[in-house]
Amino acid sequence: MSQTRQAFDDAQPSDQDIAVSVRGVSKNYGAVEALKNMSLEFPRGQLTSLLGPSGCGKTTLLKIIAGLLKPDSGEIIVNGKAVSGPGPNRAFVFQDFALLPWASVLRNVAFGLELRGVPRSEREAKAEKYIRDVGLAGFERAFPHELSGGMRQRVGLARALSVDSKVLLLDEPFSAVDEQTRRKFQEDLLALVENENKTFIFVTHSIEEAVYVSDQIAILLPRPSRVSEIIRPTSFRTKGVGNIRRDPEYLDIVDEIWASLRNYVE
Amino acid sequence: MIHRSLLLKILSAAVVFGAWEIAGRIPVSYAFPTFLESMDSLLRMTLDGSIFHAYAETLKPLIVGVAISTVLGIGLGLWIGLSEKFEWLFSPIFIVMQAAPLAALIPLLVMAYGIGLTSKVFVVCIMAMPVIVLNTSSAVRNTPESLKEMGRSFLAKDRDVLLKIIIPAASPVIFSGLRLGVSAGFIGAILSELKITPTGVGDIISYSRSIADYPSMYAAIFSIILLAVLFLNLLEKIENILFEGNDRGYVTD
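In order, the protein sequences belong to chains R and L.
Per the UniProt record's numbering, the first sequence starts with residue 1, numbered consecutively.
Per the UniProt record's numbering, the second sequence starts with residue 1, numbered consecutively.
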């Protein structure tokens, strides 16, 4: 706990506008402690990565923030209000895409709005806009199995964007797509963070990916799960997407994170 | 592709009927008529209308039984799939029902419900319902967790999760249960007519056998198989119309 607090004091500028905060959250699965008294804050309009070895509870934490899991204790504050379940202010992007196989791309993207009772013509117009935005124009009538993995995740992303939530939760969204597609996704994600005024919470197990896309990286360690460190890259974000990977600070942070994680990877 | 599969179907039918014709001409048994003789009898029964009278009788328990099994079976299956407690209560009944030797139970049914329509409907239901219930419940239980989570995270009400996610996701397996259940229902309908009281198609079968009119007997058997196949194809068409995209593979596969 003191470690956590230490990390916060070092890393958190005090005038930061906080969109989501996690306060003292614990979660057990039977005898296994998935999360223990975890506290973490997510600044508005920025992308925060949850990074850690498998079993560190990062997906559990994300699902608790989403309201899909109930914490055993502690609370989640979104825009100043405690939440107890899924809400319109958060949208989720799934690792396995979670698309309806029997529905077209258009219906899949509009599905979030459909569940909110938005009339058909309105939700389809909105879905079409976001389908264009994620670069899938022309595939509205296609079915998910006709798309590549990367395109499926674009559908998942468009669905999350179309409900216009202020907080976007991404659970290892690029882990099931190939390397080249993933790089393109990462660049697109940076543009998205830039252009949309949303708070992104991003779970990943890739150190490079976390450092590449994040404004803030929370390193989570397992057994018991805790936030060990919060890293805020400062200098390379403004230098353009093409230059990040050879920036000395980028390389240093990647090395540093690996040095602190390597003991926990079996 | 469609032409090719149609061609294959015709070819396989031709092979089966050809083998039947040859076996009938050898003949493998005095009681085994040729394909053409059987078709001739079928034509005769169609022209004099006796086959329609028979089906009017046979279809009554069949349709009532299949309808009850479908509605009740899918309903119970959904419930069992959704609720752990309900599974404990009902699942064993259907497993026992599926395993029970039905022919041995028929005398009990006749004692309880007489020799009328009720007993026959019961036989059809006992044949058709277990597989529908068990398929539906396991399909519901195996709905991909991430689809349900997706629904909840996008604020689906419980009703939406059931109607827009669980049922469509389970529909391929529900329909395959229905197909199995309906074919078992056909068996049940004929069995009840052979074992309880000879009416309808069962009457044609047992009467023609008793007077050694084997072509008519085989014609009746052939017609019931044909009807079952047509009905199963219809069911498949309905499924494809209702759940377009389900026949096109799964996204997470």
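These aren't lab readings, by the way, just hints derived from the structure by calculation.
C-beta atoms are modelled at their ideal positions from N, C-alpha and C, and glycine is treated no differently.
Incorrect hints may appear among the rest.
[Said to hold, decoys possible] Label pairs and their calculated CB-CB ranges:
hint, chain 1, residue 1, chain 2, residue 2, range
1, R, Gly149, L, Ser83, 52 to 62 Å
2, R, Gln180, L, Pro144, 41 to 51 Å
3, R, Gly242, L, Lys9, 57 to 67 Å
4, R, Ala137, L, Arg141, 54 to 64 Å
5, L, Leu105, R, Gly149, 47 to 57 Å
So, going through the hints one by one against the coordinates:
{"no.": "1", "hint": "R:Gly149 / L:Ser83: 52 to 62 Å", "verdict": "violated, 35 Å"}
{"no.": "2", "hint": "R:Gln180 / L:Pro144: 41 to 51 Å", "verdict": "violated, 28 Å"}
{"no.": "3", "hint": "R:Gly242 / L:Lys9: 57 to 67 Å", "verdict": "holds, 58 Å"}
{"no.": "4", "hint": "R:Ala137 / L:Arg141: 54 to 64 Å", "verdict": "violated, 39 Å"}
{"no.": "5", "hint": "L:Leu105 / R:Gly149: 47 to 57 Å", "verdict": "holds, 52 Å"}
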